[in-house]
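Position chains R, G and H relative to chain E; hints supplied.
Number of protein chains: 4
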Amino acid sequence: MPNTFGHLFRITTWGESHGGGVGVVVDGCPPRLPLTEADIQPELDRRRPGQSRIVSPRKESDTVEILSGTFEGLTLGTPICLLVRNEDARPEAYLEMARKFRPSHADYTYHAKYGIRNWQGGGRSSARETIGRVAAGAIAKKILREQFGVQVLAWVKQIKNIVADVDPTKVQPRQVESNIVRCPDSDAAEKMVRLIERVRKVGDTVGGIVEAVARGVPPGWGEPVFDKLEADLAKAMLSLPASRGFEIGSGFGSVLLTGLQHNDPFRMKGGRVRTVTNRSGGIQGGISNGEMIFFRVPFKPVATVMQEQDTVDIEYRNTTLKGRGRHDPCVLPRAVPMVEAMTALVLVDHALRQRAQCGA
Amino acid sequence: MPNTFGHLFRITTWGESHGGGVGVVVDGCPPRLPLTEADIQPELDRRRPGQSRIVSPRKESDTVEILSGTFEGLTLGTPICLLVRNEDARPEAYLEMARKFRPSHADYTYHAKYGIRNWQGGGRSSARETIGRVAAGAIAKKILREQFGVQVLAWVKQIKNIVADVDPTKVQPRQVESNIVRCPDSDAAEKMVRLIERVRKVGDTVGGIVEAVARGVPPGWGEPVFDKLEADLAKAMLSLPASRGFEIGSGFGSVLLTGLQHNDPFRMKGGRVRTVTNRSGGIQGGISNGEMIFFRVPFKPVATVMQEQDTVDIEYRNTTLKGRGRHDPCVLPRAVPMVEAMTALVLVDHALRQRAQCGA
Amino acid sequence: MPNTFGHLFRITTWGESHGGGVGVVVDGCPPRLPLTEADIQPELDRRRPGQSRIVSPRKESDTVEILSGTFEGLTLGTPICLLVRNEDARPEAYLEMARKFRPSHADYTYHAKYGIRNWQGGGRSSARETIGRVAAGAIAKKILREQFGVQVLAWVKQIKNIVADVDPTKVQPRQVESNIVRCPDSDAAEKMVRLIERVRKVGDTVGGIVEAVARGVPPGWGEPVFDKLEADLAKAMLSLPASRGFEIGSGFGSVLLTGLQHNDPFRMKGGRVRTVTNRSGGIQGGISNGEMIFFRVPFKPVATVMQEQDTVDIEYRNTTLKGRGRHDPCVLPRAVPMVEAMTALVLVDHALRQRAQCGA
Amino acid sequence: MPNTFGHLFRITTWGESHGGGVGVVVDGCPPRLPLTEADIQPELDRRRPGQSRIVSPRKESDTVEILSGTFEGLTLGTPICLLVRNEDARPEAYLEMARKFRPSHADYTYHAKYGIRNWQGGGRSSARETIGRVAAGAIAKKILREQFGVQVLAWVKQIKNIVADVDPTKVQPRQVESNIVRCPDSDAAEKMVRLIERVRKVGDTVGGIVEAVARGVPPGWGEPVFDKLEADLAKAMLSLPASRGFEIGSGFGSVLLTGLQHNDPFRMKGGRVRTVTNRSGGIQGGISNGEMIFFRVPFKPVATVMQEQDTVDIEYRNTTLKGRGRHDPCVLPRAVPMVEAMTALVLVDHALRQRAQCGA
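Residue numbers (the numbering used here), protein chains in the order written: chain E, 1 to 360; chain R, 1001 to 1360; chain G, 2001 to 2360; chain H, 3001 to 3360.
For reference, chain E alone in the conformation it holds in the complex (with noise of 0.2 Å):
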């Protein structure tokens, strides 16, 4: 189901970065839970272009509207359509995509399977599509947070060769949103901004690694075989634009370890079953454990730059394209919310999974 996704709490994402907007549709929320658009706007300004200026310029209010699924400020367990409208379009900007494909990016694949694709912004494939799902994310984040007690964050961990020091047990999103770059370790974070500036200036970009955890998500979440927690996690990180991997817990840094080393000894800890470390990231057998579930998220540098480089046109010849106008120096910023968003949807939905099948 190529624009849907969850089980049970499922979200169906349209809309071209240009046309008439772009929303979500969510199926499956609860009934009853207080719910207006100004529970959703405050992550979709996170997300959004233009909020500093080491993110994209793009012009975009990103003003969410609630089209149904509410009644009173309550959710109705009907499905809620989210709408925002788009409003920054330039074609012309975009003429000349309309004839090159630029590398690295999804015009000469979406030409290749569909013979057709809108050229202006990238249409579907623009960053613009996680406005649906990071709205989605702001009703999970509340569900988890008032009906579950679990909270879900993200932080800025890395800057190309630039890494910050967190502690994932104990950061907080005031933290988080302390700088513009969303890296908890401000000297880590005042680095990341000067080289992103730096970079936006020779017209090139930055990429980086995303951090994130999930705190009270109690044992019992996920499934034994494909809908593995980490597996669901690993399919919602890999679905947002420019991210390259994914690890959880020990991640790739588990292969240099023995098992001997390697495994987190249960012992019992204020009457509950614990791991003394927790190289799992919260997460065995497919099945949370009631521990901090925490993983790692790479994002390559945004592909647009302000540079010539060879590339092909729609009628297959050799050409060269140089970008032009507004470029995003790094999507690292923005990219918090949306692995909060994504997080927290793969979250809710295998709390509804666990109530149906097991009753609690």
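Fair warning: there could be bad hints in the mix.
Unchecked claim - In silico DSSO-like cross-links for lysine-lysine, where the CA-CA straight-line distance does not exceed 27 Å:
#1 G:Lys2191 - G:Lys2201
#2 E:Lys269 - R:Lys1322
#3 R:Lys1100 - E:Lys269
#4 G:Lys2269 - H:Lys3100
#5 G:Lys2269 - H:Lys3322
#6 R:Lys1170 - R:Lys1191
Bear in mind the hints are in silico, worked out from the structure with no lab data behind them.
Chains R, G and H alone, transformed into the frame defined by chain E:
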């Protein structure tokens, strides 16, 4: 759908480590494909325990029976049910596990989720579940090979800190199969075997990295948003037991390059649109671009070790547990066919989707 | 998936009778199909209240806007979101319904299920929800017509005890549209109109039977077991508001014949395998056989009547309720485009499935 | 999903009439339900051929084996695979069918769809496929009975023109099982048996109507739009071999009443909201209202007759075919457990959905 994978070429696995058997139902297979047990058994033999001195010594012939879906050696288009009986049932070997949760296994989380678990050999969380996947994957590989000209291949790239030197663009199956560790670099393979034997002797285990490619995938497979080809691959890989991550193309390393350094320029070559470099790993915007698809998957060291570890029992008291009897020092050689199977399953599913929506 | 229908050509409807609007997301539409609002609006006009003196007088223009999924008049292969704003909001007309459950409506069951309901005009249970279906069905009908040569047609066969004389093999759209009741038998149509006007005057309502055909469906559409073509049609029809049943081909009448009388002999005709009779209704073993598909759907009389009825209020006390203001004496004329839409959605979905699995 | 039914309690059937066997995978069953073969076998015995002189004389013991999903007599929450081996293989009895399409069977349509078919006994289109459904339905019935207090019951209401007099509100299983035709009206049952024996002697067949109820369903099961409870029931029933229709509550007869006559007034009774009449058949707006659910399903006369009929062969030439050997004069007695099974599967699925979304 916890035990089902795929949308159009869809598999449902079932079975516990101990009990009647394990198997898979394959739904959506094209009709009139020549198929007998002889197409499937060789892949199961690559996955089988006891195949060499460096893997689990459990004794199982893993003989597959086709229960349905074929007639006179051809697929019918109806569901194909494949059954492998369990043989090596030694419940007494697991008696201690009936009362204690093995560290970094799924014992505790299954208990927390379901309030019951088959403690014999891990039950559903056993790697035996992957028999169904590998059997179904054999069919998927055959379809890809014969109907789409696509080759799927995986190998061991790294065991602990021993890294193999492999050219992903050229390596062939016979090189992978030339040694028991399934590493095409024979020097590295030799070191890996020695390392695995060493840790086995002390009752410990090691992990490593599997690398995989798909060659010959035409441009256009994959979906733009949630079902991006790399997202489905990531989910597939993270659904394998002991896997801890996934990276496509430049992966985590992508964050160290700038956009200008990272982009893959397009050039015409042999009448086709090609990329000069392949940092995208053959996928752009979630859709294949005709280049080789490649990715890496880390597998943690096997959790069962032959030394005493702290743990908790089912009455929530601190205790210790020491593995006894047989143990699997390294899952990597057997993970190779699992990775190939899941890769093939993802690809054939997207091949059929592309045919459905776009007619080719 | 409560608000989603279809597997490959998949629609998700959303929206309540009152609130921002109603609409649909169509996912899986083939790319490069010419599509503008002008392809959709005529079907919505056939569904619209206020179109004649014998249907609901609610005032809504039901003007559709394509929010996504097309570019320069062609479909992109990405999700098509269609929006129709609500206009005729008169919450004061529904105030009594806020506190009382209308008999044979969904008021009580929604209340029981969700603990909340939008009592304005029935909310999600309003026939307004079918706007999304009819809009999506217009696209499905176009695909069937232009890409598969399939015609879908429905008409009013019966209103209360007035039964029309219609030859399902020959009737054409202009005959259906030749009168306001959408019955191709003009004598019967006249009687039906008079009957509807009579019950409307006394504040009562009538039901009837819609008959439908699909012509030109090639042999091979449909699935052998759960997704039999008639099973999906039955679900589609019973999902329409006020429908109470479904019968395919000889239907309930089949039980009065013996096997020998009922069977459809095969004969070659025009180089094709044909059946001499068509009691199978064009489907055998769940799969189309190349003959005309036909079926019938009864719709109960509309539940809103302008006379006092016993009921219960939201504090669970006995009371009475009398409908007031506007009422819809007969849903049948407007059910015709709904039946056509759902039929087309089922068929195009199976056309794409057939292409996916069997390559044609 | 051609061979899968259900969303949360999900079954996948597999198997042909001839070949290794038939079976089902049940995914989503709650854990810790007591379950052994003894819970399932009695329902299979009710479905079995050869159970009486008025049904198919095919000799099969239909002995079920639980291959997975239980441990020490309790369900694990993991997939339950059930296997029934085929026994009565007499390919020579079907040799003529290898080359000729049986009228009103699925031979031609399977051939047209897949280009191949298992011509032995109908292959996948054989009623043997329903073994998996009835086995899974036995589990669903047990869950409904023990965890939700819901009773599902079906019976033969009509054979050809013999109509039984049955009070759906009172009839009990022992009355249904009191005769071989499964009709609780013993006078009618006697006539039915005589009629079936008469047509069997002349090599002909008869059909009839099964009536079914679900008692004790609480208000709130079902979904508002596509997955209305009656829509899922309709699909379930039309997916059964030889069924030709479905009607809920007042059904086709509803069209003869006016709205005022047809509506079910609400009244408080025993502290609960009740309807005075039950023309709605226990479902309003797609959601159960707490009244008894009841519906009817017509089954056409079995297509295999022992007389010569016109048909076409696989080389598309006119020919004739005469059934030989054993034939099933009436499927109705065996359809009763099939209808019960599918009803239970629909209900338990919606019970779990309700728990997931609404928490109860």
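field: Restraint check for Lys2191 (chain G) with Lys2201 (chain G), where alpha carbons must lie at most 27 Å apart
entry: Holds: Lys2191 (chain G) and Lys2201 (chain G) sit about 16 Å apart, inside 27 Å.
message: Can you confirm whether the C-alpha distance between Lys2269 (chain G) and Lys3100 (chain H) stays at or below 27 Å?
response: holds (17 Å)
query: Within 27 Å, alpha carbon to alpha carbon, are Lys1170 (chain R) and Lys1191 (chain R)?
result: holds (22 Å)
- request: For the pair we were handed, Lys269 (chain E) and Lys1322 (chain R), check the Cα-Cα distance against 27 Å.
  value: Since the Cα atoms of Lys269 (chain E) and Lys1322 (chain R) sit roughly 22 Å apart, the hinted pair holds (cutoff 27 Å).
message: With the threshold set at 27 Å, check whether the alpha-carbon distance from Lys2269 (chain G) to Lys3322 (chain H) stays at or below it.
response: With a Cα-Cα distance of about 22 Å, the restraint between Lys2269 (chain G) and Lys3322 (chain H) holds, given a limit of 27 Å.
message: For Lys1100 (chain R) and Lys269 (chain E), compute the direct alpha-carbon distance and say whether it is at most 27 Å.
response: Holds: Lys1100 (chain R) and Lys269 (chain E) sit about 17 Å apart, inside 27 Å.
The structure shown violates none of the earlier numbered hints.
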